[in-house]
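Student: Work the whole structure out from these sequences, hints included.
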Amino acid sequence: MHEMAISSAVLESVLRHAAGRRVSEVKLRVGHLRQVVPDSLEFYWGIVTRDSVCEGSELDMELIAARLACTACAREWEIELPVFRCPSCGGADVQVVSGDELEVESIEVEEEPACTA
Amino acid sequence: MHRVKVRVVEDALDANNTIARANRDDFDRHGVTVVNLMSAPGAGKTTLLERALQGLSVRAGVLEGDVQGSLDADRLASLHLPVVQLNTGNGFGGECHLDANMVRSALPALPLEDIDLLIVENVGNLVCPAEFRIGEDVRIMVSSVAEGEDKPLKYPLMFRACELVIINKLDLLPHVDFDMERFLHHLDAVHPGVETIQLSARTGEGVDEFRAWLERVPARVPA
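Residue numbers (this note's numbering), protein chains in the order written: chain D, 1 to 117; chain P, 1 to 223.
Heads up, a few of these hints could be off.
Far from chain P by the CB rule (all over 12 Å, computed), these chain D residues [what the hints assert, rightly or not]: (1) 43; (2) 63; (3) 98.
Estimated spans, in silico, between C-beta atoms of each pair [stated by the list, open to error]: (4) 12/D with 31/P: 28 to 38 Å; (5) 30/P with 62/D: 39 to 49 Å; (6) 12/D with 28/P: 22 to 32 Å; (7) 58/D with 77/P: 47 to 57 Å; (8) 18/P with 114/D: 24 to 34 Å; (9) 73/D with 185/P: 16 to 26 Å.
Rather than coming from a laboratory, the hints here were simulated on the basis of the structure. Just so we're clear, the structure is a prediction, and the values are computed from it rather than from any experiment. For every residue, glycine included, the Cβ atom is placed at its ideal position computed from N, Cα and C.
Tutor: Here it is as structure tokens:
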């Protein structure tokens, strides 16, 4: 159900930028920390886009690894499991370098060729 | 027809966040601090409010978010506080979380002039509410011992998206396999340093500490 809510939010953003034009592809950047299941998001995308200019469009997801950086010892590392303490010094002051993205990067829309006559 | 690529680079939740900021501005203008109270269904949010809002020294109001019905708002009626019910769906089905726009739609019904603290009881759900800001100042999540000690590892998004974690239903500890040490260890891994309060909304144990925490919220949030 998380993916249902997210696909609706993505649709809202895409529709605004499409401004009525038919959309053939949406490029999305999804960070690992957002706990999005790509197959599930794609499934809901097919549902929420029905009867809109996005119907039948392809959802191209770039999955971004979660990387953290420790403020105390400057170590930077990638995480698979949700552990946010520094493995080197045990510090808790940890910044997310990447992995919390949920971003519409670009869309591909169909346009009438401009009249050159 | 030809295809054109349009660069967007926009957070998918940008529209929601914009409305959340507008809500926040309205709350700030009225000097109201807002708490977003989140948990799984049945963790005890409403029972906790029934207990904690009694004898609170600041003027509080409650916005009750539910998919359906006004059962929770009815339970809070005896507190004689402003309680506004917000349903996310009509009939069966509806949104599984509150978003900024839903809260915005409820603003006209809220007596912001007469309260200092607004508690928004979100729809019971450990996933979606973590994604949608509503214009709150602080977020609290309630986890009950009956839910098990592995929940922080399963729902890190939610356990990271809060400033306070309440561990409720302490009275059930003798009856459930819940290892508090392990829960706190998992929580520390997911959200190091987050504040916690252990309590039982049913017996009242620890509720004073939570009430005091709530009373400090308006002061700790910069205006």
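Student: Compare the structure with each hint and give your call.
Tutor: Taking the hints in turn, this is what the structure says about them:
| no. | hint | in the structure |
| --- | --- | --- |
| 1 | 43 | 16 Å, holds |
| 2 | 63 | 15 Å, holds |
| 3 | 98 | 14 Å, holds |
| 4 | 12/D with 31/P: 28 to 38 Å | 32 Å, holds |
| 5 | 30/P with 62/D: 39 to 49 Å | 42 Å, holds |
| 6 | 12/D with 28/P: 22 to 32 Å | 26 Å, holds |
| 7 | 58/D with 77/P: 47 to 57 Å | 51 Å, holds |
| 8 | 18/P with 114/D: 24 to 34 Å | 33 Å, holds |
| 9 | 73/D with 185/P: 16 to 26 Å | 22 Å, holds |
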